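S.K.: These protein sequence lines are chains A and B, in that order.
Our numbering applies: residue 2 is where the first sequence begins, and numbers increase by one.
Our numbering applies: residue -10 is where the second sequence begins, and numbers increase by one.
Note that these hints are calculated values from the structure, not bench results.
Every value quoted in this text rests on a predicted model; they were computed, and no experiment measured them.
Please note that the accuracy of each hint is not assured.
Claimed, not checked - Computed footprint of chain A on chain B, listed as stretches where at least three residues anywhere in the stretch have a Cβ under 8 Å from a Cβ of chain A:
1) 13 to 26
2) 55 to 62
3) 347 to 361
4) 374 to 380
5) 397 to 404
Note that CB positions come from ideal geometry on N, CA and C, so glycine has one too.
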Amino acid sequence: MAELSEKLLTILSERNEFDTLDLSIELQFDHQRLVGAVKSLQSLGDVITCEQRNSKQWELTDEGKEIAEKGSHEALIYESIPLEGINQNELLGRVPNGKVGFSKAMSLGWIQIDKAAKDGPRVTKKVEAIEDGVKEICQLVKNFQIDKITDQQKNECKKRKLISEVKIVSYFVKKGTDFKTSVSKQEIELTADMIASGSWKDKSFKPYNFNALGLPPASGHLHPLLKVRTQFRQIFLEMGFSEMPTNNYVESSFWNFDALFQPQQHPARDAHDTFFIAEPEEAHEFPMDYLEKVKTVHSIGGYGSQGYKYDWKLKEAAKNIMRTHTTGVSARMLYQLAQKEKFTPSKYFSIDRVFRNETLDATHLAEFHQIEGLVADYGLTLGNLMGYIEQFFKKYGIKKLRFKPAYNPYTEPSMEIFSYHEGLKKWVEVGNSGVFRPEMLLPMGLPKNVSVIAWGLSLERPTMIKYGISNIRELFGPKVNLQKIYDNPLCRLDK
Amino acid sequence: MPTILVDKQELFTLLNNPSLNDSEMEEILFSYGLEMDEVTSERKIHEKERGSLATLDYSDDVLYRIEIPANRYDLLSTEGLSIALHSFLHLAPPPKLIPTPPKIDLYIDSAVDPIRPVCLAAILRNITFTKKSYDSFISLQDKLHTNICRHRRLASMGTHDLDTLTPPFYYTAKHPQDICFTPLNQPGDIKGTQILAHYSNDPKLKKYTHLLANHSKFPLFLDANNTVLSLPPLINSNHSKITLKTRNVFIEITAENKNRADIALNALVANFSLYCDPAFTVETVNIHRNITHTVETTPHLEPRRLTVEYECIRKKIGIDASAHAINTCMQKMMLTILSYNTTNCIVSIPPYRADILHACDVVEDVAIGLGFDNIPKKTVSFYREVKVPLMHAFADVVRHTVAMCGYLEVLSFALCSKDECGAFLMRQQQEDTRAVAISNSNTSEFEILRTSLIPGLLKTISFNREFPLPVRVFEVGDVVLLDPSTDTGTRNDKRLAAVHTGHTSGFEEIHGLLDKLMQTLNVQKSPGAFDIRKGAECMYFTGRGADIYYKDAKVGSFGILHPRVLECFGLGFVASVVEVRLAPLGHLI
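Build out the structure end to end from the sequences listed, making use of the hints.
M.R.: Below is the structure:
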């Protein structure tokens, strides 16, 4: 190849320009290989310039090529006839395409047939010598001397499917700005050896295809859901909230429900909503003073409340469960806060797993993550809660919010948070919130004028919306698609 | 949350406001804390259920399906909802229930004490039912049975045509063999001994038969002629069935919990005394306990009084409204102002507003009356040092380190099957591998809390067969262990686990990951600090498992998984794993 390339460059240096097709005829060289050599010269940069040309050319068909070499069918028939003549069938058997050759030779008057011969029709030569014009035409075509053929001959051959007209792409080649007559092999990579030896200075480098894909790095990745968790954690930290320790998946009913003024007959405490623990079945060591106060406020009321008026049972409160929310942790934190000598206003958040004994489907899992924020301070108002929620959701890119009155056993007032979904063109619920009830806070021993405001949402739902995931099982659990973790883009909640 | 179906026309007539459209109604409901679930009709509901076009029998009247907060039992019927919205929209004073003196006595036999001790009763005189109000009356009882009565377990009610019965009434308990009557809508008598079996296949009532199953005696309501009224909480008798022609209704409620019985009875009489003449009159009943000889008159319809301070309301909501404006808000929410001055007022709470337990509930009513949209939103800010639990920050360092080493993070469930953390890892049921067990899981997938992160990783790989090898995954997460020293007897333990699976064992890769992690955490490899010893954990291929020690305590292990472990998780390749506790490494114990 390099040899051919250099030959072409030498020709070019002599003539300044050539057409690949003309040159291939002149050199009796296969045009395609010539074009290949020109292309590889072209890839060297500006050594040559090429201009594409389209032309039509007559070419021999396979049959035509055979005739150019061996002679026409009719000539072959003629040649096959011995002096004494030959049986017709035997003759046709000797020559390929015998039938075509026979009828052509007959019409040219080269041969004759005696149908009355005693052992079948017998063929003998009629003339002494013939001139194989078809073979000559085919040889002219083969040698690119098409101009020596008359139109009538051309049409005859075309009709016999010996020649056909094809489109030819050729290149008109001229010297380029960096024209030279020698080609060195182009390098692909710049290597340390070249730098060490200094050989890079004399080498030419293959142009790079910048549109090709790079090599994917063998990289590790963080899980999409936890990337979103990081963003929510960041929002809370920016707002001055401290993170609560949530490393207790198993919680007692006492802290999960009773401390939150959720009555023992509440449906959430039924077996079909909550996972109960068989081992260890019960929790022990409750702060007994506080527990007595919780018992009283449930069963007969107090702190200005009527209570739920039922027989509160320690046995029910002691039952261990998989926590159904992280608010049990919040209750523990608030209780600890209340035990301090002086109350200090506090802001807490948590993002961790909670568990529900639910029927699993595309949007429900038995475990999911709850995001929760709370503020404890003197004199907090419902307007403050709305303000905090607006600030929180603004950081998360949601500006249009509405609040709907709602019912939670442990907050009053309670509000569901709705945001306007531009895609669905309607208000959708994005979270829940409220002011913790005095029946929850006062038994803990928090000062009477301290309010605690709180809001919560799930981590999975905003993540599914963010990444357009419709089945929660693709996000959490063993059915996650590892390729999706690999391909998952960065997370910016505000965009 | 309970939902109710409300006839749009009926509701608008009761509201005296026929010109509202659906979206205006939805807006009103939203601001009251109710949600319009759908706008439908009897025909549409049947077509949805049956999946075919309904016949002409079904009505096209527009129905609203409305979600009611779980503590507003007084809103569980069209009547109750319209009464509340009438106050909300037009400041109409809430109906004042007028108790009339008792004429009828009811005697409670102490035989009911071990079964269902509480009994209350009331009478609605001169009532006029229409088809719609009759249906609504039945539907409200269903809703109350489901919600406040907790599927009839804590309370249940029966309603009877008083004119078919002869007072006084008796609430007693009898052996099943001594009971025989024709239950509601049944062709003939059923014996007490057969009644549970009879209803055990009834689609509507089978779920209540267990409430009586373990009792030797069944509670029974009788009149003076020993005619059976009902067998609570299962079924009424056909004899005293109420019809469209019924003019006087006797209501009995039996219960385990008196408070719930009170709430249910008050919701029922408040909603339907509307149709009595005079409206909102309720005849009381004398309830005699034959052991204590005490007499109680029910229902308890006295409004409660509560003194509320205006300043407290303003502070809790964050508004600057006048006393008059606050009073108006309370009236919108069916609270009556009995008296007021500049600092406080005394409000009367209707007996059917059982949701009001505390002054904070009145605060919420004022906020709703005012409209949540009208409350100024303000943030407060105070300086407080921001803290993050050390373990959370440390776990993040570990996650980033492992991810940077080329591992993909996965997130698996904390709940798993017994086998996954036991037999599949070739572990014996030894004391140290016992797990926290779930008692009421519906699926074998969630029997215990994981004691290792490895099963979750292996399951994830087995669901990702198309992912190019080698697969490198990790998880940083909590396992849960038994620990008698904590109040729940359990403890979360933060771990890192990583798996390398492919055509070769990947042992050196996993070993290298461990070394890299230790180096990142600045832990020197030397005896007494971090060292690796020959291990004996069953999940590893013989001689290919090592224990990881930190300060002479075992903190984890790594090695090539045993082929039987791979087989249990359906993995066709070789895998090496590492699992290590984070608390000791981060000095966080």
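S.K.: It remains to establish, for every hint, whether it holds in the given structure.
M.R.: Hint by hint, here is what the structure shows:
Only when three residues or more bring their CB closer than 8 Å to a CB of chain A does the claim for the segment 13 to 26 of chain B stand; here the count is 5, and the claim holds. Evaluation of the coverage hint for the segment 55 to 62 of chain B: fulfilled, as 4 residues show C-beta separations to chain A shorter than 8 Å, against a requirement of three. Counting residues of the segment 347 to 361 of chain B whose beta carbon lies closer than 8 Å to any beta carbon of chain A gives 9, which meets the minimum of three for the stated coverage. Counting residues of the segment 374 to 380 of chain B whose beta carbon lies closer than 8 Å to any beta carbon of chain A gives 6, which meets the minimum of three for the stated coverage.
Counting residues of the segment 397 to 404 of chain B whose beta carbon lies closer than 8 Å to any beta carbon of chain A gives 8, which reaches the threshold of three, so the coverage claim holds.
In the structure shown, no violation is registered for any of the earlier numbered hints.
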